[in-house]
Amino acid sequence: MAAINSFDGFLNRIGGNFWTRHVIWDEVNTAVVAFGGNQASMARCGQCLSIPSMPGGVTAYIATCVQLLEGCSNPNNLYLVFKLVDFGSINIGTNVYTSGGTMPTITELGASNTMAGPILMQVTTALNSTPGNIAVTYTNQAGTGGNSTAGISQSLPTSGTIHSSGFVQMINNDWGAQTITAASNSGGTTPSGIVHFYGCIPIALMTPAPVQQFSRKENLVTAGFNAIRMAANDAIGVYGMYSQQPRAVIGEIYFVGDS
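Note that numbering that gives the first Met the number 0 has the sequence shown beginning at 0, numbered continuously upward.
Careful, some of the hints might be misleading.
What the hints assert, rightly or not - No farther apart than 20 angstroms at their CA atoms in a straight line, the calculated lysine to any residue pairs in the SDA-like style are these:
id: 1; residue 1: Lys216; residue 2: Leu79
id: 2; residue 1: Lys216; residue 2: Asn232
id: 3; residue 1: Lys216; residue 2: Ile161
id: 4; residue 1: Lys216; residue 2: Cys47
id: 5; residue 1: Lys216; residue 2: Gly99
id: 6; residue 1: Lys216; residue 2: Ser52
id: 7; residue 1: Lys216; residue 2: Gln46
id: 8; residue 1: Lys216; residue 2: Glu251
id: 9; residue 1: Lys216; residue 2: Thr19
Don't read these hints as lab results, they were simulated from the structure.
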């Protein structure tokens with residue numbers, strides 16, 4: 000059977016019971032800390048979903064709908080849902096970078112290209128009070144390697160808590176990365192903690208809800224036919240913009256199984 004390439008294809012797969020849903024649930028008990036420099040203030044607000052192995056008759060998972068219900072003191076936050084590509088991590092205490100993977104290659108307009116996207120930094124082990132500055136070397140959206148952010152001030156957050164996140168500021172004219180080849184930390188006083196890097200492929204942008212209305216829903220089929228196929232072990236992350244206070248989020252992501 001051919002892969003889904005139309006709205007009718009989605010309906011046929013749903014009618015054939017080739018759909019599933021995954022629950023999102025997470026709570027941040029401690030306020031996160033904004034990254035320095037020009038980083039957007041973000042925080043992970045849902046666990047990173049891991050796509051399971053493909054059942055019989057399914058070649059990929061396609062997200063079709065995202066629903067979020069949040070509880071926090073400011074319900075007007077913007078939420079972003081990403082497919083996360085593991086770019087590796089750095090232990091700033093030992094200044095050792097552990098390499099990760101690269102963006103997938105896809106065919107668009109008849110041409111095969113490696114995808115590119117922003118680099119997200121996320122604190123996975125809490126940082127100390129003087130963690131220093133981060134720098135990465137990456138391959139940009141055009142496939143040019145060796146681009147370094149060493150000349151750009153990108154301070155890590157003071158006493159950054161787990162879930163604290165921010166984007167890497169790239170050099171002029173670069174808007175995305177295909178992979179990271181190196182990372183280092185400088186400055187600070189006896190820095191400690193771990194920062195993880197992810198390449199981001201946007202799935203959904205959840206606009207702010209009116210005050211006192213805490214729920215959001217994004218229909219990814221009717222909003223625009225942009226089927227992002229996900230394979231086994233792919234990770235999906237949910238992040239809140241400009242949202243540093245403690246919060247709890249519960250929701251669901253619906254998928255249709257590609258044929």
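Quick rundown of the hints versus the structure:
Our distance criterion of 20 angstroms between C-alpha atoms is met by Lys216 and Leu79, whose separation comes to about 12 angstroms. Of the pairs offered as hints, the one joining Lys216 and Asn232 is violated, with about 25 angstroms between alpha carbons and a cut-off of 20 angstroms exceeded. Proposed proximity of Lys216 and Ile161 is contradicted: the alpha carbons are some 26 angstroms apart, above 20 angstroms. A hinted pair counts as satisfied when its Cα atoms are at most 20 angstroms apart, and Lys216 with Cys47 qualifies at roughly 19 angstroms.
Our distance criterion of 20 angstroms between C-alpha atoms is broken by Lys216 and Gly99, whose separation comes to about 32 angstroms. Between Lys216 and Ser52 the alpha-carbon distance is near 26 angstroms, which puts this suggested pair outside the 20 angstroms criterion. For the given pair, Lys216 sits about 18 angstroms from Gln46 by alpha-carbon distance, which is consistent with the 20 angstroms threshold. Taking the CA atoms of Lys216 and Glu251, the gap is about 10 angstroms. The hint holds against a cut of 20 angstroms.
Distance hint between Lys216 and Thr19 is fulfilled; the C-alpha atoms sit about 17 angstroms from each other, no more than 20 angstroms.
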